Amino acid sequence: MHAVKRQMILGVTGILMMLVSSVCFGAGIPDKVTINSIQKYYAPVSFNHAAHINKLKDCGLCHHHTTGAQVTDPNCARCHKNSGAQAVVSCKGCHTAEPFTPEALKQQRDQQPPIYHRDKPGLKAAYHISCLGCHEKMHGPTGCQDCHKRNDGGDAIFKSGKYAPKAPAKPKAAHH
Amino acid sequence: MIERRDFLKGCLACGVTAATVSVASGKAMAAGSFEGYPDAMGVLVDLTRCVGCRSCEAACNAEQKLPEPDLAFDDTSVFSDKRRTTEKAYTVVNKYQVADKETLFRKIQCNHCTEPACLSSCFVNAYTKTKEGAVIYNAKVCVGCRNCMIACPFNIPAYSYSSPLNPLVKKCIFCYDTRLKDGKPPACVDICPQQVMTFGRRADLIKLGHDRIQANPAKYVDKLYGEKAVGGTSWMYLSSVDFDKVGFDGHIQNEPIISNVKDFLGFVPMVLSIWPALFTGVHLLATKNKDGHHDHEEGDHQ
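For the record, the sequence lines run as chains A and B.
So for the first sequence, numbering that gives the first Met the number 0 puts the first residue at 0; every next one is plus one.
So for the second sequence, numbering that gives the first Met the number 0 puts the first residue at 0; every next one is plus one.
Watch out, some of these pointers could steer you wrong.
Claimed, not checked - Listed next, the in silico DMTMM-like pairs over lysine to aspartate or glutamate satisfying Cα-Cα at most 25 Å (straight line): (1) A/39 - A/57; (2) A/165 - B/176; (3) A/165 - B/254.
What the hints assert, rightly or not - Derived Cβ-Cβ restraints for the label pairs, each shown as a range: (4) B/65 - A/83: 47 to 57 Å; (5) B/267 - A/102: 48 to 58 Å; (6) A/102 - B/47: 53 to 63 Å; (7) B/160 - A/93: 22 to 32 Å; (8) A/111 - B/47: 44 to 54 Å; (9) B/124 - A/141: 44 to 54 Å.
To be clear, the hints were calculated from the coordinates, so they are not data collected in a lab.
Because the structure is a prediction, the values reported are computed rather than measured.
For each residue, glycine too, the CB sits at the ideal point set by N, CA and C.
Take these sequences, add in the hints, and give me the full structure.
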């Protein structure tokens, strides 16, 4: 009974959140983005998209050329100066969650023309390099758990919290 | 007299043949001739991306089922020391103050050489360089002599000093058993949030590394560490500062370690097989000559 209730509440909340995001910024631009690609170790991040847009204004800082923003990187401008807004703008639309599978490596190798987009980070790295790099510059939060709290799986692999080493090594001097 | 002359000729011929053979084989096995398996995998490590989160250490510990660490993997107090690999940690991250406000982190693990010195030094053939690029070892045949620990130019193999009955050498195996042989990247690469490590075919990574330098020449030192060091390693590195400043041996030789001893070792079989026969012959000849010629010489004088 409780389970059913909880599911219903979750479902309603989900629908409400979807409504809220589509209302605020018109079609397609979400206010909040849930990032949960490493939920094995960390709780999902509820990324406040709206706040970042308000602060940065320039979509191209994160979305490169895909939103149709002015391209400043001369290397990208060679092809994308006037390429306009793309159909796919989300991070995961281009950055694959599994960048090192044999298939992904083959695809990268066979790509035509064999010049650009060959050193494209995977999804997790795209987030971290982009977010953390900017946070360092703008003095935003940079600790791992400032953005995503570690869950039980994370504590287990990091040997932290209730999985902390039982007998910490004594300093060598203690023997004397 | 004729017999003696034949014997001498034979000895000379043998000597010449042996010398030629040793020179020829020496050339065929010339140092650095093994360019690596064509589809060997590797990892390109970009030091500029590492934030020192130690996730790689945690993932390695779990994947390789290593003993519990002394401190949790989110404890940054470990950075006060420069650590090395141990039987409990096949990879460690160290922190380097490279400028006033600039720090770099460097992950250490086996570099999986194309011509591994550990393999060359092992007299029970415990080590194997697999076609996937990993340098693995068979713990069952390891006798714990620790030659590989001395031979390794990167000080990687560790020793299970904690196990008095069956001490073994312990090191990173590129997650060969559980991942690499199925085409998957090692656990440290998989967990890294910053993709400090790029997994791929070694040949492709060399190109990728140079492309990354070329695309951003102000950011990187123009060197791909491991492309040539000790005959090439599967793990290669990019850095924004001189490699000496982040704990690398910047003056490491480009020739494989084995080429330091190959010429000498090539000589040993020849010396052992030819020299006894040669010099016995020479000795016999010399002493017989002495006895025989004395009479003749005396006769001639008279």
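Checked hints:
no.: 1; hint: A/39 - A/57; result: 32 Å, violated
no.: 2; hint: A/165 - B/176; result: 29 Å, violated
no.: 3; hint: A/165 - B/254; result: 46 Å, violated
no.: 4; hint: B/65 - A/83: 47 to 57 Å; result: 52 Å, holds
no.: 5; hint: B/267 - A/102: 48 to 58 Å; result: 49 Å, holds
no.: 6; hint: A/102 - B/47: 53 to 63 Å; result: 28 Å, violated
no.: 7; hint: B/160 - A/93: 22 to 32 Å; result: 49 Å, violated
no.: 8; hint: A/111 - B/47: 44 to 54 Å; result: 29 Å, violated
no.: 9; hint: B/124 - A/141: 44 to 54 Å; result: 48 Å, holds
When held up to the earlier numbered hints, the structure conflicts with 1, 2, 3, 6, 7, 8 and fits the remainder.
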